[in-house]
Amino acid sequence: MEDTGKSEFISPKLRKGIQKFFVYFLLALFSFLFFVPFYWMVTTAIKDPNKIFASTPQWIPNPAHWENFSEIFRRMPLFTYIKNTLVVAVLPVIGQMLAAPMIAYSLTKIPWKGSKYIFPLILATMMVPWQVTQVPLYSTWSKLGLINTFVPLCLPAFFGAPYYIYLMRQFVKGLPDSVIEAARIDGAGEFRILYTLVYPMCKPVITTIMVLVFISGWNDLNGPLLYLQDSAKYTLSIGLQMFLTSARQEWDLLMTASTMFTIPLVVIFFLAQKQFIGGISTTSGLK
Amino acid sequence: MNLTAREKSKKGKQKMSRMEKRFFRIGLLFVSPWIIGFLCFQIFPICSALYYSFTDYNVFQPAKWVGLKNYIQLFKNDLFYKSLQNTLYVTVIGLPLGLVVSLSLATLLNQQAKGLRVFRTLFYLPTVVPVVASAMLFLWVLNPEYGLLNNLLSLLGIKGPSWLSDPNYTKLSLLIMDVWRCGQTMIIFLSALKAVPPSLYEAAQLDGAGPVKRFFKITLPYISPTIQFNMIMGLIGYFQYFTQAFVFASVSQQQQTITGGPKNSLLFYSLYLYQQGFSYLKMGYASAMAIILFVIVMIVSFFALRISEKRVNYDVE
Chain U
125 MEDTGKSEFI SPKLRKGIQK FFVYFLLALF SFLFFVPFYW MVTTAIKDPN KIFASTPQWI
185 PNPAHWENFS EIFRRMPLFT YIKNTLVVAV LPVIGQMLAA PMIAYSLTKI PWKGSKYIFP
245 LILATMMVPW QVTQVPLYST WSKLGLINTF VPLCLPAFFG APYYIYLMRQ FVKGLPDSVI
305 EAARIDGAGE FRILYTLVYP MCKPVITTIM VLVFISGWND LNGPLLYLQD SAKYTLSIGL
365 QMFLTSARQE WDLLMTASTM FTIPLVVIFF LAQKQFIGGI STTSGLK
Chain P
895 MNLTAREKSK KGKQKMSRME KRFFRIGLLF VSPWIIGFLC FQIFPICSAL YYSFTDYNVF
955 QPAKWVGLKN YIQLFKNDLF YKSLQNTLYV TVIGLPLGLV VSLSLATLLN QQAKGLRVFR
1015 TLFYLPTVVP VVASAMLFLW VLNPEYGLLN NLLSLLGIKG PSWLSDPNYT KLSLLIMDVW
1075 RCGQTMIIFL SALKAVPPSL YEAAQLDGAG PVKRFFKITL PYISPTIQFN MIMGLIGYFQ
1135 YFTQAFVFAS VSQQQQTITG GPKNSLLFYS LYLYQQGFSY LKMGYASAMA IILFVIVMIV
1195 SFFALRISEK RVNYDVE
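So the protein lines, in turn, are chains U and P.
Each residue of the first sequence is one higher than the last, beginning at 125 in this note's numbering.
Each residue of the second sequence is one higher than the last, beginning at 895 in this note's numbering.
Do not rely on the hints blindly, as some may be mistaken.
Over 12 angstroms on every C-beta distance to chain P, these chain U residues come out as not near it, computed from the model [what the hints assert, rightly or not]:
no., residue
1, K140
2, L150
3, I271
4, T273
5, M325
Calculated pairs, DMTMM-like style, for lysine to aspartate or glutamate (alpha carbon to alpha carbon, straight line, at most 20 angstroms) [what the hints assert, rightly or not]:
no., chain 1, residue 1, chain 2, residue 2
6, U, K240, P, E1039
7, U, K175, P, D972
8, P, K1111, P, E1096
9, U, K237, U, D310
10, U, K237, U, D301
11, U, K140, P, E1039
12, U, K144, P, D972
13, P, K976, P, E914
14, U, K140, P, D950
15, U, K137, P, E1096
16, P, K1157, P, E914
17, P, K915, U, E305
18, U, K267, P, D950
19, U, K237, P, D1101
Please keep in mind that the hints were generated in silico from the structure rather than gathered at the bench.
Note that the structure is a prediction, hence the values are computed from the model and not measured.
Every residue, glycine too, gets a C-beta built ideally from N, C-alpha and C.
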């Protein structure tokens, strides 16, 4: 067996060992760097206020102040925020779920002339930052009297967003034509093919899109900042941002709030992890 | 196929067959949500923004035509240039940094080792933390006196900078956080790496190519479509850089209405646009900014696609 260049003195076995060591070393190092801030958030959340500003970092909170979690509920109307956040996170999920598969199906599996012109247009709109349209849209919603409602934050999702249409299309494109054509020959209508054949086959990508849309609704700050003015309509993002400016330096409580804001997403991520990561992987290029 | 299509167009508007007509109608029906959305949420607002950009407008009163006034004011305004410069800074530094880190992590996860799924989850976890929560967490981690980072740095004998108040470091602070949240890009890279046929590597190894050479001669060309995709997505992300900066800036300078952070070092384009439009209700001015942003985005993405198209290797698929 021929060996390459420099490592002629080292036996292949030893070289493999060194390589392995390097891989594990780097994996461990990066894991530390990526996990530590997360760990820091969760532990600061239950730390004693006096220990937070200690000169040497306290790695294990002692005493643990679990009551910080209930304290947060006293400090801000968390239930209202959660309810509102769920509205602006769940309704768009439903919207995208109705729109994106239908559009993707039409673009890939229905043989009609328009599809090849529409897909490039969809990709092009993906490039338009939403700041470009934000002033006129605000003015329109305001003329319609819909400022301070959830409509501007939810309704657009029902018309499909380019990124999700794109993800969906990449997946639907790979589905076997034969199954769909067979269904057509059997006389099934396109709606029936879409809902009884395509949807079930798209489970991984549908899960991915649902999680992504939910996360983006849950995360969104810019939208609620523009459209929700009444504090009874605030979402967690704004609530937390407000709390940050009112509770400066109370890092334990700020981290408690951040942790609580994060927990639901972590739970969802772990539940959907397998399909979610599989679904994102359908993205490989702009083709 | 091609021939018949050409013949058809030569003969002019020949009638479509019944089947074609049916497919055309149903196809159009299925994309109609997008078409409606495209007209209402893209075309119409972009056209209105163009109109508003030539007016004085504050939502409550009708727009008043002022010609090029907004644009002239913009081009005379230092803050406008500052915001462009800040946005350019994070794009030029953050984009390559993010791509390199996420590709390195993906490469690491593509090695043969045990427990890779656990590591993958660990690397991805930060992406799951909401942006506002991440920003708050990093305000804490980067706290100059009590923050974790400077604490750890002092263990190494390094005196960490004032990440959040020194204008030379504020943008870097944001980028540290962004790199921490690179999981999404990493996963996309990882799936592309997994798709490279092992036979290619084996062949190269027999030819005596070392790991570095293999990476540059085989891996990079093979995953170039994915690099292009992640680059474009990253570019889009930086054009609309808002939430992180908004949270960071709102803390560093609470009292001021223009929250641009220390010495406006965090005044990004979208932040400035937001303030002009929605804090001062100078909607005409903000619209002029929107139109300029639109033009910049069009030019940049045109070139990004053009340049990368030449280098992207689609043949390998």
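Verification of the supplied hints:
1. K140: The assertion about K140 of chain U is violated, with a minimum of 10 angstroms to chain P.
2. L150: The assertion about L150 of chain U is violated, with a minimum of 6 angstroms to chain P.
3. I271: 9 angstroms, violated
4. T273: 16 angstroms, holds
5. M325: The claim holds: M325 of chain U sits with its nearest Cβ about 17 angstroms from chain P, beyond 12 angstroms.
6. U:K240 / P:E1039: It is violated: about 57 angstroms lies between the C-alpha atoms, which goes past 20 angstroms.
7. U:K175 / P:D972: 44 angstroms, violated
8. P:K1111 / P:E1096: 13 angstroms, holds
9. U:K237 / U:D310: Violated. K237 of chain U to D310 of chain U sits at ~24 angstroms, over the 20 angstroms cutoff.
10. U:K237 / U:D301: 17 angstroms, holds
11. U:K140 / P:E1039: 44 angstroms, violated
12. U:K144 / P:D972: 54 angstroms, violated
13. P:K976 / P:E914: Roughly 55 angstroms between the alpha carbons, so the hint for K976 of chain P and E914 of chain P is violated.
14. U:K140 / P:D950: 69 angstroms, violated
15. U:K137 / P:E1096: Within the cut-off at roughly 18 angstroms; holds.
16. P:K1157 / P:E914: Given pair K1157 of chain P, E914 of chain P is violated - Cα atoms ~62 angstroms apart, limit 20 angstroms.
17. P:K915 / U:E305: Between K915 of chain P and E305 of chain U the Cα gap is close to 17 angstroms, so the pair holds against 20 angstroms.
18. U:K267 / P:D950: With a Cα-Cα distance of about 17 angstroms, the restraint between K267 of chain U and D950 of chain P holds, given a limit of 20 angstroms.
19. U:K237 / P:D1101: The given pair, whose Cα atoms are some 48 angstroms apart, is violated under the 20 angstroms limit.
This entry does not satisfy hints 1, 2, 3, 6, 7, 9, 11, 12, 13, 14, 16, 19, going by the numbered hints stated previously.
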